[in-house]
Amino acid sequence: MLKRILISVLLFLGGAMLLFAKTKAAPYYQLQFDVGESIPSKGEMMATSNLTNDLGIILQPSARHKFIGFYELKYAGPGLRKEEGDKFSDRIMDHVFVIKNHFDWKDDYTLKSQLDHMIEYRRTGANELWGQGLYDFNRTGFMFDLNRKFSKKLSGDIYMQYHYLEFPNYTDLLAEFQAGETSETSTGKQNHHNYQLGVKTKYELVNVSLDFTILKYTKQKVIVDNVQPDRTYYSGVLQQDTMVTLGADYTKILWNSIILTPSFSFKSKISNQNYQHFMLATDTIPVRYIDNYYSYNIFDISCPITFTLSKIWAAFITPEINYKYYSNRPPRDSENAFISGNQYNNLFILSCGFSKRQNDVTTMTVFYNYQSQVSNMTFERYLLYNYSGHYMGVSFSYTY
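The working numbering numbers the first residue of the sequence shown as 11 and each following residue consecutively.
It is possible that some hints are incorrect.
To be verified - Derived lysine-lysine pairs resembling DSBU-like cross-links, with alpha carbons at most 30 Å apart:
(1) 229 <-> 279
(2) 92 <-> 226
(3) 321 <-> 210
(4) 231 <-> 277
(5) 212 <-> 97
(6) 122 <-> 34
(7) 122 <-> 231
(8) 84 <-> 116
(9) 212 <-> 116
(10) 279 <-> 84
(11) 279 <-> 199
(12) 162 <-> 84
(13) 110 <-> 334
(14) 334 <-> 210
(15) 76 <-> 116
(16) 199 <-> 334
(17) 97 <-> 262
(18) 262 <-> 366
(19) 163 <-> 116
Calculated directly from the structure, the hints in this document are not laboratory data. These figures come from a predicted structure and were not determined experimentally.
Produce the entire structure from the sequences given, and follow the hints as far as they go.
This is the structure:
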């Protein structure tokens with residue numbers, strides 16, 4: 011599969027170069043690789059490696075037109091995770107194909123468009139094969155962005171994008187057992203349309219963005235609190251999630267040697283999906299119904315600080331706090347029973363290290379990350395909610 015993908019990319023780039031032989035062209039390549047050791051407070055030490063590899067070309071047939079095409083291979087090995095629901099042992103591989111076009115419509119307007127396709131493979135077990143993961147997905151879509159420069163200091167964008175996500179291997183095995191469904195009816199319940207509309211503005215070194223996202227599921231029905239005519243707990247209404255995200259960051263340079271980039275983001279998710287709780291996977295009768303179970307708010311604050319020590323040496327430190335609060339999800343105790351209150355996850359991450367610029371295109375970095383999460387969710391048979399961990403290693407980056 012990987013060989014076929016690489017051959018297709020090379021043929022595409024080669025054909026593009028021949029097609030635009032008389033245009034200005036520049037190859038683009040970026041490689042970032044880090045390797046180290048992850049040491050969680052619960053569980054075993056893990057050898058961790060992550061890779062991002064971009065191969066592309068930039069073509070400029072005219073002064074107002076620019077085309078960018080690239081392929082990205084991204085791999086995330088076992089290690090500490092930031093997203094809730096991801097296991098430390100998971101392995102993730104992404105293949106991303108992108109074609110972009112920048113068109114300077116007028117002196118103050120730039121229209122950006124993009125077509126992209128992404129394939130993600132996930133391995134949740136050591137014996138699981140690539141391409142057979144339950145949460146593997148294909149994502150295909152497009153994006154339009156209109157940028158206007160109001161002055162030398164102020165610019166703004168309005169953008170929209172659409173993607174369709176398909177999970178070819180997904181099947182709800184638990185629903186098949188509990189509700190007597192067939193594999194045909196439970197397959198594809200994660201497939202959904204993703205619609206996004208947003209605006210962003212930049213004033214000098216300040217960036218602010220606001221976007222709205224709607225996820226419309228094609229087969230996943232909303233769970234209700236009573237048995238339906240088909241003897242399941244699924245209604246005739248399909249799941250729909252709405253998300254609002256507000257973000258802002260600011261860059262400040264002190265004494266020509268210290269760069270601060272404080273940032274803040276707020277994300278609110280509202281879902282019409284509910285939840286029927288079963289004490290054991292083998293149970294067929296739920297013990298509790300909870301509506302609005304998947305709605306939450308996330309606050310994230312970080313402040314990367316870079317210290318320029320010389321022309322080739324730099325040091326950095328980045329503290330980050332991520333707080334997730336569920337609107338109507340009570341936490342569970344160690345025995346899987348619900349207790350009073352609403353579930354929260356409070357995550358703290360501290361990253362620091364030194365980087366050395368070897369030459370104009372190569373940088374080496376030695377880093378250390380500390381990660382700690384505290385939650386009132388104490389049922390951890392499948393996922394960890396209260397833990398701390400260390401990740402230390404070496405990173406290499408090359409850009410041409």
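Okay, the hints, checked on the actual structure:
no. : hint        : verdict
1   : 229 <-> 279 : holds (20 Å)
2   : 92 <-> 226  : holds (25 Å)
3   : 321 <-> 210 : violated (33 Å)
4   : 231 <-> 277 : holds (24 Å)
5   : 212 <-> 97  : violated (37 Å)
6   : 122 <-> 34  : holds (19 Å)
7   : 122 <-> 231 : violated (36 Å)
8   : 84 <-> 116  : violated (36 Å)
9   : 212 <-> 116 : holds (19 Å)
10  : 279 <-> 84  : holds (27 Å)
11  : 279 <-> 199 : holds (19 Å)
12  : 162 <-> 84  : violated (36 Å)
13  : 110 <-> 334 : violated (34 Å)
14  : 334 <-> 210 : holds (24 Å)
15  : 76 <-> 116  : holds (14 Å)
16  : 199 <-> 334 : holds (25 Å)
17  : 97 <-> 262  : violated (36 Å)
18  : 262 <-> 366 : holds (22 Å)
19  : 163 <-> 116 : holds (18 Å)
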